[in-house]
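Undergrad: As a plain string of letters, each chain reads:
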Amino acid sequence: MTTSYSPDGAQQSRVRTYLIYLVLDTSESMRRNGNAQAHFERLIPVMLQQLAAHPVINGLAAASVVAFNDNAETLRPMTSLDRAASIRKAKEGYGTDYAAVLRFLAKQHKVDVRAVKLDRTRDNYVVDVAAPWIFFITDGRPFARNNDQELSEWIVHRDQLVNEPIGARIVAIGLPGSDRDTLYHLATGQADGVRNAFIAERTNNLRELAESVVSAIESSIATSASSGLLTIRTPDGMERIVGPRP
Amino acid sequence: MTDTAVIILVLAIFVTILFGVVVWAHRRRIPVHQLPTGQEVISTRTRRRPAPTAPVPAEPTEPRRPWAKGRRFPVPKIGRSRPEIPRAMPTADPRLTGPVLLEAAWQQSVYHGARTAGRFRVAIRVATARGRSHAYEGTAGQDVAGVAWNEDRRAVFAVVADGLGSKADSGQIAREVVDQTLDLAERLQPNDDPTAMIHHVVRAIEQTAAHQGLDGATTLVIAEIRPDAHGAVVSTWGIGDSEAWLLQDGAWRVLHHERRSDAENVTRHLPGHCDVRTNSARVQPGTVVTIASDGFATALATRGNSPVAQELAARWRKPPSPTDFLNQVNFDDSRFNDDRAAVSVWIR
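Going line by line, the protein sequences match chains W and Z. Each residue of the first sequence is one higher than the one before, starting from 1 at the first, in my numbering. Each residue of the second sequence is one higher than the one before, starting from 1 at the first, in my numbering.
Isolated chain W (complex conformation):
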């Protein structure tokens, strides 16, 4: 605590705001075997509308939707929850380029922080932007340019995102087909080693699974924005990944 103590912090009154990224894998596999992508494309706007109606957090948090396959793209720009913003359709792609999307998020975060500060500054309050929360939904192993992406290729970008000064918190949610170790390495968590990495149990209805994932994310955003600490319950039909395989 003392390392982050700011002796001059009392010079100005402060308000805190939160940035939330919903990152959706839109690789080719997400459109096969039940079309998980379609379920999430239907459910995410509904979730954002419900959060917009939350009288406490709708003014505290801003949310962005990012899609990735061979490249990353912003579907909904970082916008306050109490403000409507359209979510455009994701471009079709084939790969699952983790390095590209993690690099994209680190770059985009700087832009979003500036925009949110400008948007919220009023009445002489200093706007403190908390470390971003990233909900990462994927169904596959990292794969780019017709090759599996090694851990070393993308973990450096993940570390850049989760280390200071960005300090992102990542919740990794793996749909059927995803890799446990990849999810665990991607997620962040507590100092005791418990991470916010979840993977689907084998026998699941994909529509119900998508609904439970979106419900858990919505609940997490509502709870976390109130307390200021990212917490998430295990979505129904999923299990928390305890650790990487030895």
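Heads up, some of the hints might be wrong.
[Said to hold, decoys possible] Okay, the calculated bits of chain W under chain Z, using three or more residues with CB under 8 angstroms as the criterion: (1) 11-18; (2) 47-61; (3) 119-129; (4) 220-230.
[Said to hold, decoys possible] Just a few of them, taken from the derived set where beta-carbon distance is under 10 angstroms, the chain W residues facing chain Z: (5) PHE143; (6) ALA144; (7) ASN147; (8) ASP148; (9) GLN160; (10) PRO244.
In case anyone wonders, no lab produced these hints; they're calculated from the structure. Predicted model, so just to flag it, every value in this text is computed and none were measured. C-beta: ideal position from N, C-alpha, C; glycine also.
Got chain W; can you put chain Z on it based on the hints?
TA: Quick look at chain Z alone, frame taken from chain W:
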């Protein structure tokens, strides 16, 4: 006929004639309209008579102090200006005797009191309010505030604890901390060290949490306001992000804060931390000492450009009424959703 009778007769005739002239002059003239046979009669009046004008009371000659002894509320000036709602009558502050503890669990609470010791006079306000976050979720608020008078030290002790929202039993822990602190503070001897008392509280709450299996934590800020030859000495002790402030000559000065350079909602707390940060200041009469949880205190600032800080600096030149104080602590701003707890002491 005597002369007297003649005079009476003449006077009677004169009065009769005068009465007749007056009656003639004020006779009611009823307009008569000639109408053709069969035409419907709607009204025989050419116009309505104006309503009698209400008597206008004279301008009040006395100042508008309805609470002053022997005076009544002024009558609103009907027909000339909007009736004014009488302002709330100030209530005399009762003498602070035993410890007072308020919590923001389910309702808003306010206490007002005063204490005098020779030339040392203080007015005290304590307020707690459940934040919008807890209210919307239907959960209990977790802030607690209290105040106690120590007769031996002739000092006021103010205490605020802010239970951490991430733990279920934090409200109970905060209550225990304030309760134990007030109990010890009230019995502290003149030469006792309050820092040792706080260390005792920290150890006691660690044991309480462990024995009862409580999952909770709280911040803590304490202020002692003790008279000296020129005014008072204000000493503060703090663990975590609850804050202590002075308001002097319209300017805010911070005595305890732990605001971070990043925006993380992380703070020191007890049980868990035992390193108490202390500060003190010698202040003059006219100073207001405020300790508060971050739900209120983060709206304050030393640079004077915070709207809430500016507003309160203007309003707190004198102790506000208890309900005004509660409303001011519980100011309405959608960006401030946390529980509120504050103790303010006006050194007179």
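Undergrad: Taking the numbered hints from earlier one at a time, note which ones the structure violates and give those numbers from smallest to largest.
TA: Per hint list: 5, 6, 7, 8, 9, 10 violated.
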